[in-house]
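> Could you put together the complete structure from these sequences and hints?
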Amino acid sequence: MDYKDILDGISEEITSLSPEDSMLNLRVYKNNIFNLNIDLFKKNYPAVFSYLGERNFIFFVRKLLMDEGVKSPNINVFIKSFTMFLEKNKGMHKDENLLELSKIDKLWSYNLSEVTVRKGMFKFWSQLIGGHTPVAEINRSEVEIVFSYEVNGSRYLSAK
Amino acid sequence: MQLQVKLLEKNALLKGSQKIEGVGLGLRFPHFDDILNNKTGSPWFEVITEDFLEEGPHHKKLLQLREVAPIVFHSIGLNVGGVQEFDKDYLSAFKKLYNKFQPQYISDHLCWSAHNGTYHHDLLPVPYTHEGLSNAVSRVNYIQDYFSRPLVLENITSYLDYKNSDFTEIEFLKELSKKTGCKLLLDITNVIINHKNNNEPTKKYFDDFPVENVVYCHVSGVKATEGSTLIIDAHNSAYGFNEDVLIKKYFKNMPILIERDANIPTLAELEEERLRLKEGIGGL
Numbered sequence: 001m002d003y004k005d006i007l008d009g010i011s012e013e014i015t016s017l018s019p020e021d022s023m024l025n026l027r028v029y030k031n032n033i034f035n036l037n038i039d040l041f042k043k044n045y046p047a048v049f050s051y052l053g054e055r056n057f058i059f060f061v062r063k064l065l066m067d068e069g070v071k072s073p074n075i076n077v078f079i080k081s082f083t084m085f086l087e088k089n090k091g092m093h094k095d096e097n098l099l100e101l102s103k104i105d106k107l108w109s110y111n112l113s114e115v116t117v118r119k120g121m122f123k124f125w126s127q128l129i130g131g132h133t134p135v136a137e138i139n140r141s142e143v144e145i146v147f148s149y150e151v152n153g154s155r156y157l158s159a160k
Numbered sequence: 001m002q003l004q005v006k007l008l009e010k011n012a013l014l015k016g017s018q019k020i021e022g023v024g025l026g027l028r029f030p031h032f033d034d035i036l037n038n039k040t041g042s043p044w045f046e047v048i049t050e051d052f053l054e055e056g057p058h059h060k061k062l063l064q065l066r067e068v069a070p071i072v073f074h075s076i077g078l079n080v081g082g083v084q085e086f087d088k089d090y091l092s093a094f095k096k097l098y099n100k101f102q103p104q105y106i107s108d109h110l111c112w113s114a115h116n117g118t119y120h121h122d123l124l125p126v127p128y129t130h131e132g133l134s135n136a137v138s139r140v141n142y143i144q145d146y147f148s149r150p151l152v153l154e155n156i157t158s159y160l161d162y163k164n165s166d167f168t169e170i171e172f173l174k175e176l177s178k179k180t181g182c183k184l185l186l187d188i189t190n191v192i193i194n195h196k197n198n199n200e201p202t203k204k205y206f207d208d209f210p211v212e213n214v215v216y217c218h219v220s221g222v223k224a225t226e227g228s229t230l231i232i233d234a235h236n237s238a239y240g241f242n243e244d245v246l247i248k249k250y251f252k253n254m255p256i257l258i259e260r261d262a263n264i265p266t267l268a269e270l271e272e273e274r275l276r277l278k279e280g281i282g283g284l
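As they're listed, the protein sequences go chains A and B.
Start counting the first sequence at 1; every next residue gets the next number (this note's numbering).
Start counting the second sequence at 1; every next residue gets the next number (this note's numbering).
Bear in mind the hints are in silico, worked out from the structure with no lab data behind them.
Glycine is no exception: its CB is placed at the ideal position from the N, C-alpha and C atoms.
You may find that some hints are simply not true.
[Stated by the list, open to error] Label pairs and their in silico Cβ distance ranges:
| id | chain 1 | residue 1 | chain 2 | residue 2 | range |
| --- | --- | --- | --- | --- | --- |
| 1 | A | Arg-62 | B | Lys-19 | 28 to 34 Å |
| 2 | A | Asp-5 | B | Asn-199 | 27 to 33 Å |
| 3 | A | Gly-130 | B | Glu-269 | 25 to 31 Å |
| 4 | A | Thr-116 | B | Asp-89 | 24 to 30 Å |
| 5 | B | Gln-84 | A | Asn-35 | 49 to 55 Å |
| 6 | A | Arg-140 | B | Asp-261 | 29 to 35 Å |
| 7 | B | Gln-64 | A | Asn-56 | 39 to 45 Å |
| 8 | A | Asn-56 | B | Pro-265 | 50 to 56 Å |
[As the list claims (entries may be wrong)] Lysine-lysine pairs mimicking DSS-like chemistry, simulated, CA-CA at most 25 Å apart:
| id | chain 1 | residue 1 | chain 2 | residue 2 |
| --- | --- | --- | --- | --- |
| 9 | B | Lys-60 | A | Lys-43 |
| 10 | A | Lys-88 | A | Lys-42 |
| 11 | B | Lys-179 | A | Lys-4 |
| 12 | B | Lys-174 | A | Lys-4 |
| 13 | B | Lys-88 | A | Lys-80 |
| 14 | A | Lys-4 | B | Lys-88 |
| 15 | A | Lys-42 | B | Lys-223 |
| 16 | A | Lys-106 | B | Lys-61 |
| 17 | A | Lys-80 | B | Lys-174 |
| 18 | A | Lys-43 | B | Lys-223 |
| 19 | A | Lys-123 | A | Lys-71 |
| 20 | B | Lys-60 | A | Lys-80 |
| 21 | B | Lys-61 | A | Lys-80 |
| 22 | B | Lys-95 | B | Lys-179 |
| 23 | B | Lys-88 | A | Lys-71 |
| 24 | A | Lys-80 | A | Lys-119 |
| 25 | B | Lys-95 | A | Lys-71 |
Here you go:
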């Protein structure tokens, strides 16, 4: 078996992400990869995590990993693709809140300048981030722009 | 704002001759402000290259840090042991960072981490065969030519045991170093974990390691993973395998870096660990 064949076999096995089927030692790598992704997505999409709860959140991250795979050495490229993935899979989750929360999370985590969402969504996001049950009313026919700004070296978000 | 950043860059270049020495810390974002406020005596810092691939306020902070302390870059994405083409965008972004921050060293791991277009973002062991060596030599040479400087390679933990190896890990590292001029980063804890997982003593490994090629060492800690019979290199606690005793014996006066990537404590707690290690190895 040549060098590339060895790498082919291992790569294929660990990409399958099904720990129950694998040898103990490959399971270590599968768990590492899976846990790394879950941790990074949780860190960068805190409102989505809070909105979905652990189990549903893991479902979506796993689906993204299985459907798209990580195609860049810069893992942030993959993490940022979550919003696009939720947009693409809108037919499956049918939840506009989920998509817009991910947009605001991404704005916050990746120092972006602004995103457009339905009016009330920023308040909804803020309540989730603050650990409260979101009660903000979402206006389906109007939009707001959520933007980031800096004061004395600290970043803030606001909506207009 | 642009002028301020330009001035910082200029100052950073002036400090480029500083050398790493003593016990340093890995730079982690939760500690950034405390570090800039002098809440650690760490004389140098290791920076994860991938943390800075995205532009942002953290770049300005790193330039500030660079004014007062030497840094090294440590990467996980070069895929030295892989066979797929290098990602040109990644290399170009890496080089830009190198030129901007001028770290003393750039390092990655002796491993493969991507294959057939998929990036695993984990460190997979290289089969120590003649073909593996020839592949690694050619890729290390490519990277060194690209950056016009030696690459530093770190030994990893391995949970795989390849059949039909032509070399031991040390033989492989020695050959690779000899053929490319690359330097080595010895992760002392990784060596201990590999040997503990295989119920082997570490003495021969440390006796045989080509210490003359080592530019600095890593230590980290592991808290046992529930339900696992293997020790996993989790970087989730303070060092705890008497690494200080080994450093005193084999790597005295070598720069040492404490790594922590999970269960990240306060900077004050890390500083305590740093001082404990410093004292343990004889007050470098």
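> Are the hints correct? Go through all of them and say.
Results for each hint:
Take Arg-62(A) and Lys-19(B): their Cβ atoms lie about 46 Å apart, and the range 28 to 34 Å is violated. At roughly 30 Å, the beta-carbon separation of Asp-5(A) and Asn-199(B) lies within the given 27 to 33 Å, and the hint holds. Look at Gly-130(A) against Glu-269(B): about 28 Å separates their beta carbons, and that is inside 25 to 31 Å. Against the hinted window of 24 to 30 Å, the Cβ-Cβ separation of Thr-116(A) and Asp-89(B) comes to about 29 Å, which satisfies the hint.
Taking 49 to 55 Å as the suggested C-beta distance range, the pair Gln-84(B) and Asn-35(A) does not conform, at roughly 24 Å. As the Cβ distance of Arg-140(A) to Asp-261(B) is approximately 43 Å, the hint placing it in 29 to 35 Å is violated. The supplied range of 39 to 45 Å is met by Gln-64(B) and Asn-56(A), whose beta-carbon atoms lie about 41 Å from each other. Our hint of 50 to 56 Å for Asn-56(A) and Pro-265(B) is violated, since their Cβ atoms are close to 31 Å apart.
Proximity of Lys-60(B) to Lys-43(A) is assessed by CA-CA distance (about 22 Å); at most 25 Å being required, the pair is judged to hold. Distance check on the hinted pair: Lys-88(A) and Lys-42(A) sit about 20 Å apart at the alpha-carbon level, within 25 Å; holds. The suggested pairing of Lys-179(B) with Lys-4(A) holds, with an alpha-carbon distance near 22 Å, which does not exceed 25 Å. Our distance criterion of 25 Å between C-alpha atoms is met by Lys-174(B) and Lys-4(A), whose separation comes to about 23 Å.
At roughly 20 Å between alpha-carbon atoms, Lys-88(B) and Lys-80(A) fall within 25 Å of each other, so this suggested pair holds. Restraint check: the Cα-Cα separation between Lys-4(A) and Lys-88(B) comes to about 21 Å, which is no more than 25 Å; the hinted pair holds. Simply put, Lys-42(A) and Lys-223(B) have alpha-carbon atoms about 22 Å apart, close enough for the 25 Å limit, and the pair holds. As the CA atoms of Lys-106(A) and Lys-61(B) are separated by approximately 21 Å, the hinted pair is consistent with the 25 Å bound.
Restraint check for Lys-80(A) and Lys-174(B): the C-alpha separation of about 40 Å exceeds 25 Å, so the hint is violated. The hinted pair formed by Lys-43(A) and Lys-223(B) meets the criterion: a straight-line CA distance of about 22 Å does not exceed 25 Å. Only pairs whose Cα atoms come within 25 Å are accepted, and Lys-123(A) paired with Lys-71(A) is rejected, the gap being roughly 34 Å. Restraint check: the Cα-Cα separation between Lys-60(B) and Lys-80(A) comes to about 22 Å, which is no more than 25 Å; the hinted pair holds.
Between the alpha carbons of Lys-61(B) and Lys-80(A) the distance comes to roughly 23 Å, so the proposed pair stays at or under 25 Å and holds. Under the criterion of a C-alpha separation no larger than 25 Å, the hint pairing Lys-95(B) with Lys-179(B) is consistent with the structure, at around 23 Å. Taking the CA atoms of Lys-88(B) and Lys-71(A), the gap is about 13 Å. The hint holds against a cut of 25 Å. Pair hint Lys-80(A) plus Lys-119(A) holds up; C-alpha atoms about 23 Å apart against a cutoff of 25 Å.
Simply put, Lys-95(B) and Lys-71(A) have alpha-carbon atoms about 20 Å apart, close enough for the 25 Å limit, and the pair holds.
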